[in-house]
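Asks: In order, the protein sequence lines correspond to chains W and U.
Start counting the first sequence at 0; every next residue gets the next number (numbering that gives the first Met the number 0).
Start counting the second sequence at 0; every next residue gets the next number (numbering that gives the first Met the number 0).
Fair warning: there could be bad hints in the mix.
No copy labels: a pair is met if it fits in one copy or bridges any two.
[To be verified] Here are the computed lysine-lysine pairs in the PhoX-like style, where the Cα-Cα straight-line distance is at most 25 Å:
| # | residue 1 | residue 2 |
| --- | --- | --- |
| 1 | Lys54 | Lys11 |
| 2 | Lys54 | Lys39 |
| 3 | Lys151 | Lys199 |
| 4 | Lys151 | Lys44 |
| 5 | Lys199 | Lys134 |
| 6 | Lys123 | Lys199 |
| 7 | Lys44 | Lys123 |
| 8 | Lys199 | Lys39 |
| 9 | Lys151 | Lys123 |
| 10 | Lys11 | Lys134 |
| 11 | Lys123 | Lys134 |
| 12 | Lys54 | Lys44 |
For the record, the hints were derived by calculation from the structure and aren't laboratory data.
Take a look at the letters that make up each chain.
2 protein chains.
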Amino acid sequence: MQKTCSPRSSAKRTCILDAAQACFLEHGYSSTSMDMVASKATVSKATIYAHFQSKDELFGAIIRRRCDDHAEGLGAVTLAENLDARAALTAMASHLLTMLMNPEVIGIYRMVVAEAARHPDLAKAYYEAGPLRGKARLADILDTLTARGVLKVPDSWQAMDQFIGMLRAEYFNRALIGLPADDRASFDTTVTGAVEVMLKVYGV
Amino acid sequence: MQKTCSPRSSAKRTCILDAAQACFLEHGYSSTSMDMVASKATVSKATIYAHFQSKDELFGAIIRRRCDDHAEGLGAVTLAENLDARAALTAMASHLLTMLMNPEVIGIYRMVVAEAARHPDLAKAYYEAGPLRGKARLADILDTLTARGVLKVPDSWQAMDQFIGMLRAEYFNRALIGLPADDRASFDTTVTGAVEVMLKVYGV
DNA sequence: GTCTATAGAGCGATAGAC
DNA sequence: GTCTATCGCTCTATAGAC
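Could you build the full structure based on these sequences and the hints that come with them?
Replies: Have a look at this one:
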């Protein structure tokens with residue numbers, strides 16, 4: 000469909016994206032050089048510039064590609080017909096926290112935070128393609144549970160923010176800044192605690 | 000107390016630290032050059048290297064200095080004698096969220112997150128000097144409120160994590176990645192919502 | 001301690017052959 | 001499209017005068 004072919008999903012292009020992603024995740028945006036990416040992708044630097052106009056554009060392409068994957072991942076959170084509130088909330092929580100703790104997801108988030116000041120447009124694209132879609136999906140589930148009568152959530156967006164906030168608390172935050180997990184806040188205590196709070200506040 | 004004097008709090012040293020902090024906050028660690036710092040501090044680059052061995056060491060000195068300030072700030076959250084639970088929680092929440100939204104605090108946190116992979120020791124120092132001290136102080140307040148009989152918090156550390164998590168949810172997260180505030184999540188709705196949840200779950 | 005000047009390395013991006 | 005070779009620039013860090 001394009002003039003000089005340059006297919007969006009050529010093997011080389013994918014190879015460059017994979018290599019660049021690995022480099023960015025490991026060293027951050029600014030500290031990753033195009034030579035490093037070229038070396039990792041086993042192509043020449045000029046080839047990279049044949050596919051991507053600049054380092055910034057390469058960075059953006061990676062963020063966009065990953066966001067699509069995240070969105071797919073959260074779309075997979077479906078709701079079995081006859082789950083009670085506790086089971087449904089627990090499924091949502093462990094699915095979400097598992098995704099948040101994925102090293103790739105943490106790496107992308109670190110980069111977005113780090114480059115927020117200089118790439119606000121990228122942060123916006125990331126937010127809308129990733130977290131926002133996930134939140135919408137999960138708020139929808141809360142509304143469904145309310146409609147079924149197993150929960151009573153007046154404002155599903157606010158409740159969702161609180162739910163996600165509790166899941167992204169200590170356990171996730173330590174991982175985000177690279178600290179080892181603590182005894183006091185584990186995966187299970189975080190999930191169970193957040194679910195219990197939701198049940199007490201929004202249970203029928 | 001040192002050989003060649005080089006006092007830790009010389010005027011030039013403080014001046015360099017102030018300038019470097021401003022540059023790091025604005026451009027991030029990697030994108031800040033020593034020339035920029037020298038220019039902003041109106042000293043020569045060589046003078047900076049007379050006070051700090053490397054760019055890394057300069058970065059560390061700034062983080063450490065700021066952490067002391069944060070700890071002081073949270074130490075100021077004291078508890079009036081006859082506050083009820085809602086008033087006490089609201090005071091804690093607005094004080095904490097105000098501090099979190101401070102551009103300097105956000106900037107420092109961004110840098111710690113961004114450099115977490117390459118400066119794990121710094122992240123640890125930051126966490127222990129900053130968030131950990133704050134959490135200990137606030138968990139202590141929850142215990143006091145429980146002792147007074149106006150709250151019933153079985154595990155003050157978990158409750159504190161959940162409280163802080165809700166405060167650091169959407170409203171803070173958007174600021175962290177540089178997005179403008181949203182209608183749905185404002186300062187007031189975040190504080191009020193978190194307090195209401197805490198009251199419903201841990202109220203007497 | 002503080003300056004000017006510069007070394008020495010690495011960066012993003014491009015030219016030109018094929 | 002892909003390569004080799006290189007430009008022009010900026011970076012961290014240092015040398016040497018004062």
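Asks: Now tell me, hint by hint, if it's right for this structure.
Replies: Evaluation of the provided hints:
Taking the shortest alpha-carbon separations for Lys54 and Lys11, only the intra-copy value of 17 Å comes in at or below 25 Å, while the best inter-copy value is 37 Å. For the homomeric pair Lys54 and Lys39, the shortest alpha-carbon distance inside one copy (15 Å) is at most 25 Å, but the shortest distance between copies (28 Å) is not. In this assembly of identical chains, the alpha carbons of Lys151 and Lys199 lie at most 25 Å apart whether taken from the same copy (11 Å) or from different copies (14 Å). In the homo-oligomer, the alpha carbons of Lys151 and Lys44 never lie at most 25 Å apart, since the shortest distance is 57 Å inside one protomer and 62 Å across protomers.
When the C-alpha separation of Lys199 and Lys134 is checked against a cutoff of 25 Å, the pair qualifies both within a copy, at 21 Å, and between copies, at 24 Å. In this assembly of identical chains, the alpha carbons of Lys123 and Lys199 never lie at most 25 Å apart, being 34 Å within a copy and 35 Å across copies at closest. Taking the closest pair of Cα atoms, Lys44 and Lys123 never come within 25 Å of each other, the shortest separation being 29 Å inside a single copy and 37 Å across copies. Taking identical chains as interchangeable, the C-alpha atoms of Lys199 and Lys39 are never at most 25 Å apart, the minima being 51 Å within one chain and 54 Å between chains.
For the homomeric pair Lys151 and Lys123, neither the shortest alpha-carbon distance inside one copy (32 Å) nor that between copies (41 Å) is at most 25 Å. Neither within a single protomer nor between protomers do Lys11 and Lys134 lie at most 25 Å apart by alpha-carbon distance, with minima of 34 Å and 49 Å respectively. For a Cα distance limit of 25 Å, the shortest separation of Lys123 from Lys134 inside one copy, 15 Å, qualifies, whereas the shortest one across copies, 31 Å, does not. Only within a single protomer do Lys54 and Lys44 lie at most 25 Å apart by alpha-carbon distance; the minimum there is 11 Å, versus 29 Å between protomers.
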